Structures are given as structure tokens and as C-alpha cells.
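Letter by letter, the chains look like this.
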Amino acid sequence: MSRALAFTLTLGAAPSSVWAAPDGVRSSPEHATADEEWLSLHFQTTVAVQAHPTFHADYSGKNSLDPAAEAATAMVMNLATDLRLWHGADFMFDPELSGGAGISKTLGVAAFPSGIVYRVGNPSPTLYLARLALRQRFDLGGGKVHDESGPNQLGGSRDRDTLTFSIGRLAVTDVFDGNAYAHDPTTQYFNWALFASGAWDYPADTRGYTWGALADLTVANYSLRTGVALLPKYGNLLEMEWNLAKARALMLEGQVRYRPGGRAGSTRVLLFANQARMGNYEQAVNDPAAGLDVTATRTEGRKKYGFGVSSEQELTETLGAFLRASFNDGHNETWAFTEIDRSLAFGLVQRGRPWARPNDEAGAALVLDGLSPWHRRYLAAGGYGFLLGDGALDYGLEVEGDLYYRAQLTKALALSGVYQPIVNPGYNRDRGPVHVFSARFRVAF
Amino acid sequence: MAALAPACDSDADNVCRDVGNCTHGGSDAWITACRTQNDELADEATAVGCSAALDAYFACAEDHFACDGNRSSFPGCEPKQALYSACLTTKDAGTACGELARGLAHCAASDTTPHGSALAANPCTASDDCSARCYLDSVPNPCAPLATELAAFADCASHCVF
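Taken in sequence, the protein lines are chains X and V.
Last residue of the first sequence: 445 in the numbering used here, with the numbers rising by one and none dropped.
Last residue of the second sequence: 162 in the numbering used here, with the numbers rising by one and none dropped.
Simulated from the structure, these hints should not be mistaken for laboratory data.
Any given hint could be a false lead.
[Said to hold, decoys possible] Quick list of simulated restraints, FRET-style, between CB atoms:
{"no.": "1", "chain 1": "V", "residue 1": "Ala29", "chain 2": "X", "residue 2": "Leu292", "range": "17 to 25 Å"}
{"no.": "2", "chain 1": "X", "residue 1": "Ile167", "chain 2": "V", "residue 2": "Asp137", "range": "43 to 51 Å"}
{"no.": "3", "chain 1": "V", "residue 1": "Asp137", "chain 2": "X", "residue 2": "Asp394", "range": "40 to 48 Å"}
All of these numbers come straight from a predicted model, not from anything done at the bench.
All C-beta atoms in this analysis are idealised placements derived from N, C-alpha and C, irrespective of residue type, glycine included.
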């Protein structure tokens with residue numbers, strides 16, 4: 001689900017600057033300027049058609065990817081409004097419109113192949129509030145840098161070292177888990193486990209947004225971030241639990257930036273701890289009263305711990321590499337993102353300058369996802385999660401490729417072709433492989 | 001921008017949302033059907049003069065909603081439900097129970113429809129009234145229900161939040 005759009009506004013409008021600053025910060029050292037943009041308005045819409053041909057499946061369950069050939073279209077549109085309130089403070093207001101559906105109603109693949117679909121039942125276009133947040137930055141010295149104007153970012157000068165607080169409705173992935181090469185499904189890789197750490201059951205409603213308070217301290221080549229955010233009241237639903245004593249997501253992330261051989265690189269390590277009224281896979285399997293339904297075992301106070309590592313490295317002026325690795329303990333029910341308990345992803349991104357199309361981009365990545373022992377036993381016994389459930393399971397790693405080419409037709413217009421082969425969809429060796437093809441059209445200004 | 005502001009849902013609508021989220025995985029279809037069912041009951045309660053009792057029940061149900069695992073309950077609302085049931089019983093003629101009883105009265109003497117008989121013979125509780133409304137909506141000829149109609153009746157009755 002994507003909640004993927006959450007990331008659109010972080011990196012999507014400034015692909016060139018990503019190469020200049022691989023930590024995803026759209027800024028570059030320049031002379032200080034008194035010019036401060038007071039209002040920023042950016043729009044983007046992405047439409048994607050996705051299809052797969054018939055594939056082999058020994059059996060299917062109610063949450064399986066349909067083995068018959070199918071196609072689906074989804075779209076998302078958002079307006080990023082950012083208003084400067086006073087020095088260092090801005091107010092974000094982003095309405096968003098989304099509609100359509102994923103193939104097989106966004107079921108049957110843990111690392112789902114479309115980053116712009118949501119796991120909501122209603123495919124009709126729906127307008128909702130994506131962001132409504134106040135951000136206050138305190139300048140801490142270290143020289144001046146200039147931020148380019150972008151979605152949810154005002155142009156203007158600031159100190160290199162900053163302490164920034166954000167509070168309100170937002171996407172936690174705006175601040176945490178960034179990666180210059182794998183973070184925006186509207187322009188980069190399309191797969192869920194590539195725009196975010198797959199095993200981070202990150203706090204969000206089914207559309208990718210939540211309410212929270214986040215802090216980011218950046219000093220020279222180091223950043224330390226922390227935050228608390230709401231989790232859904234029920235697994236994979238829109239309603240949030242506002243009682244932090246009952247449910248909450250805590251995050252702590254450290255980042256270091258470096259330049260080996262003069263090439264920019266960065267590594268982030270994220271620790272997370274979620275608490276919510278989750279069900280427990282072991283109990284669902286062992287307790288006959290649960291009827292092999294993990295939702296019947298939901299109890300207050302259940303926790304989920306884990307970590308995520310996100311690295312990126314510029315290799316040449318036009319070639320970059322990334323790696324994502326993440327893990328959660330996998331004892332309790334998947335609550336907000338997707339049914340992945342272990343994830344490893346890596347890939348390369350090449351800009352088009354060598355073939356005289358400097359704004360085009362090609363990427364190739366591999367994703368390997370796995371489940372905890374109890375999670376796989378639950379699915380093997382015939383249990384259903386909110387995304388997976390074939391009625392049985394011959395467990396194997398879910399392995400996916402993600403190959404894309406983005407042709408930047410004009411400054412505002414881009415067309416991408418994406419191919420994603422999926423081995424063991426839903427971790428099931430009795431199903432697949434399946435080949436998923438997508439065409440993605442994006443307008444942004 | 002109006003769509004950004006959530007509409008003010010009634011207590012009954014909120015009860016459907018809560019039960020749907022807890023018990024039915026947030027199914028939009030279930031929640032919509034539940035709300036439709038509640039609207040029909042509200043119209044009926046208004047017609048027979050029991051709307052205050054029904055509103056009081058739903059207000060209580062919203063305030064006291066509990067979700068244990070994936071089971072919904074409304075602890076402490078039994079008295080409100082009993083008051084509503086009592087109101088329906090006294091106004092039986094105007095309720096779905098009464099309507100169903102009258103429909104069944106036209107059936108042949110050999111008719112043995114157990115559901116209708118039970119509804120006709122017993123006081124009309126809130127649960128009975130909701131079920132009777134489902135039966136009337138799902139089965140055009142109460143005397144000769146088809147299997148598919150009974151399936152629709154069972155599905156409808158599953159949306160009764162009593």
C-alpha cells in the first residue's frame with residue numbers, strides 16, 4: 001500500500017540534486033542569501049498500469065495473487081503546500097487524491113510490486129489529508145547552505161547544522177529510512193521493499209500517513225533522529241489509536257555521511273519499537289479457540305522490535321548503489337506496512353548522461369524477503385494475514401527483481417517502464433514465478 | 001476540500017464502524033450494509049415511537065464498545081437494549097416483527113416456517129426486530145423462501161449490531 005506516496009514529496013521533484021547530496025537533503029553549500037521563499041506549491045500526479053500474464057499455482061487462497069492474467073490501474077495526485085510562518089518555521093498542508101487498485105486487490109505479494117496503490121477497499125478516487133504539520137528549525141552554525149525550493153521544502157539559506165522538530169500529520173518516512181536511490185516509487189523503484197525498509201512495520205494508516213512528533217539533529221556529517229507516532233487502532237486500517245499508552249511507534253535513527261574517494265555516501269541505522277493491540281502468530285497456531293485467526297488473539301500491549309539499515313554510495317558521476325537490510329522479531333501480527341519480517345535489497349541506479357539523456361534514469365535491484373518462524377507456520381497452517389494467505393504454504397524466500405527505465409520527456413513529464421519478476425509470491429514455492437510489467441506516467445511541477 | 005473534513009457520523013454509524021473494524025477487518029462492504037440496516041431500523045423505530053430508546057442504545061453502544069481479540073461487545077448496555085426491546089414489544093404491531101407476523105399469517109395452514117413462527121410467537125426484541133427486517137427485505141414471499149433468499153437473509157442478519 002501503499003503508503004508509498006508518502007515519499008513522493010521527499011525526493012521526487014529534484015532528482016538531479018539527489019546525485020549531489022546522496023543523503024536525500026536537497027541542499028548544497030552556497031553563499032548565504034537573504035532571499036527566503038515564503039510559499040511553496042508543488043503538484044505531482046502519477047498514473048500506473050500494471051499487469052501480469054498467467055502463472056502457475058498449485059493452489060490459491062483468499063489472499064493470493066490471482067494466477068490468471070490480470071491488469072490494474074492506479075493513480076495518485078498530491079499538492080504540496082508549504083508556508084513560511086517565521087524564521088525557521090513552516091507549515092505543511094498537503095491534500096492528496098488517490099484511486100484505482102492494485103493487481104489482485106493488492107494481495108498475495110509481500111513486497112508488492114506497485115508503490116502507488118493503497119490497501120483500501122474502495123477504488124473510487126478519494127480526496128484526503130496527507131500532511132498537516134508544523135516544522136520548526138533551529139540553526140546551529142557550521143556555515144551556510146542553500147535549500148532549493150521543492151515539495152514541502154522552502155527555498156532559502158540556513159545553517160548547515162540544524163535541529164528540526166516536526167509535529168502533526170505527516171509521513172514518518174519523510175524523515176526516517178531515507179535513501180537517495182530507493183525511496184520514491186513515483187520516479188524510482190516501484191517495489192514496496194525498495195521505497196522503504198521492508199521489515200519496518202512503520203507507523204501509518206493504510207495510506208501511509210500518521211500523526212507524530214519527530215526531531216532531527218544534523219551536525220556536519222552526522223544526523224540523529226528520533227520520534228514518536230501513532231499506530232492504527234486496528235491492523236491495516238485508517239483509524240488511529242490516539243491513546244499513546246495503548247499504541248505507539250518509537251524510532252531512533254543515526255546517520256553518517258562520508259566521501260570515500262570523493263564520492264558521496266551515507267549509511268543510516270534505524271531502531272524501532274512498536275506497541276499495539278496486535279495478535280500473536282504462535283497463539284493463533286496453538287490455541288484452538290483462536291480458530292487459526294491471528295486477529296482473534298489481539299491483546300493490548302504487544303510489541304514489535306527491529307532495525308533497518310539503509311546505505312547509499314555514489315560510484316561514478318552517474319552511477320550509484322544502495323543497500324537496504326531490515327529485521328523485526330516477527331512474533332506479533334503485522335500491523336501497518338506489510339508482511340515482511342526480514343528483508344535484504346540492493347541495486348544500482350544509472351543516470352542517462354552516457355547515452356546523451358542526462359535526465360533519464362535506469363535502475364536494477366534485487367529484493368529478498370522472509371518471514372519469522374511463527375509467521376510462516378501460521379500461513380502454512382492456513383492462516384490469513386491482511387496481505388497474504390494462500391491457504392497453505394511451502395515456504396521459500398520471496399525474491400523479486402525491479403528493473404526500471406525512466407524517460408524524462410520534458411521537465412515536468414516522465415514515462416517509466418518497470419519489469420518485476422517475482423519468485424515465490426507470498427513466500428510460496430508452490431506458486432509462481434510471475435512476471436509483472438508496469439507503465440508509469442508522471443507529471444510534476 | 002469538503003471531503004477532507006470528516007462528516008459527523010451518528011452513534012449508530014460509529015457503532016457499525018467500530019464493529020466492522022474489530023470483527024470484520026474494516027470491510028467497507030460490511031460497514032455500509034450495517035449502516036443501511038441501522039437506517040432502516042431507525043425509520044421503523046421512529047414510526048412506532050421507539051426512536052429515543054434506540055438512540056439511547058446506540059449512544060451507549062458507542063460509549064461502551066469493547067473489542068476483545070476480534071469479538072465486539074457493548075458491556076453495560078444491556079439495560080438500554082432491554083428498554084428498546086420492551087418498547088418494541090409494546091408497539092409490536094408497527095415493528096418488523098409485527099409486519100412479518102402478519103405476512104406469515106397469510107401462509108397456508110401447513111406452513112412450517114420456523115423463523116417466522118418464532119418471531120410471531122415471542123416478544124419482539126431488538127435482535128428479533130432487526131432479523132425480521134432482514135427477512136422481510138430478503139424474502140419477497142415470506143411463505144416460500146428460496147435458498148438464495150435465506151442466504152441473503154443470513155448475511156443481512158449478520159449486520160445486526162444487537
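Tested hints:
Between Ala29 of chain V and Leu292 of chain X the CB atoms are about 23 Å apart, so this pair conforms to the stated range of 17 to 25 Å. Checking the proposed 43 to 51 Å range against Ile167 of chain X and Asp137 of chain V shows it holds: the Cβ atoms sit about 48 Å from each other. A hinted range of 40 to 48 Å holds for the C-beta pair Asp137 of chain V and Asp394 of chain X, which are about 45 Å apart.
Every hint, counting from the list given before, is met by this structure.
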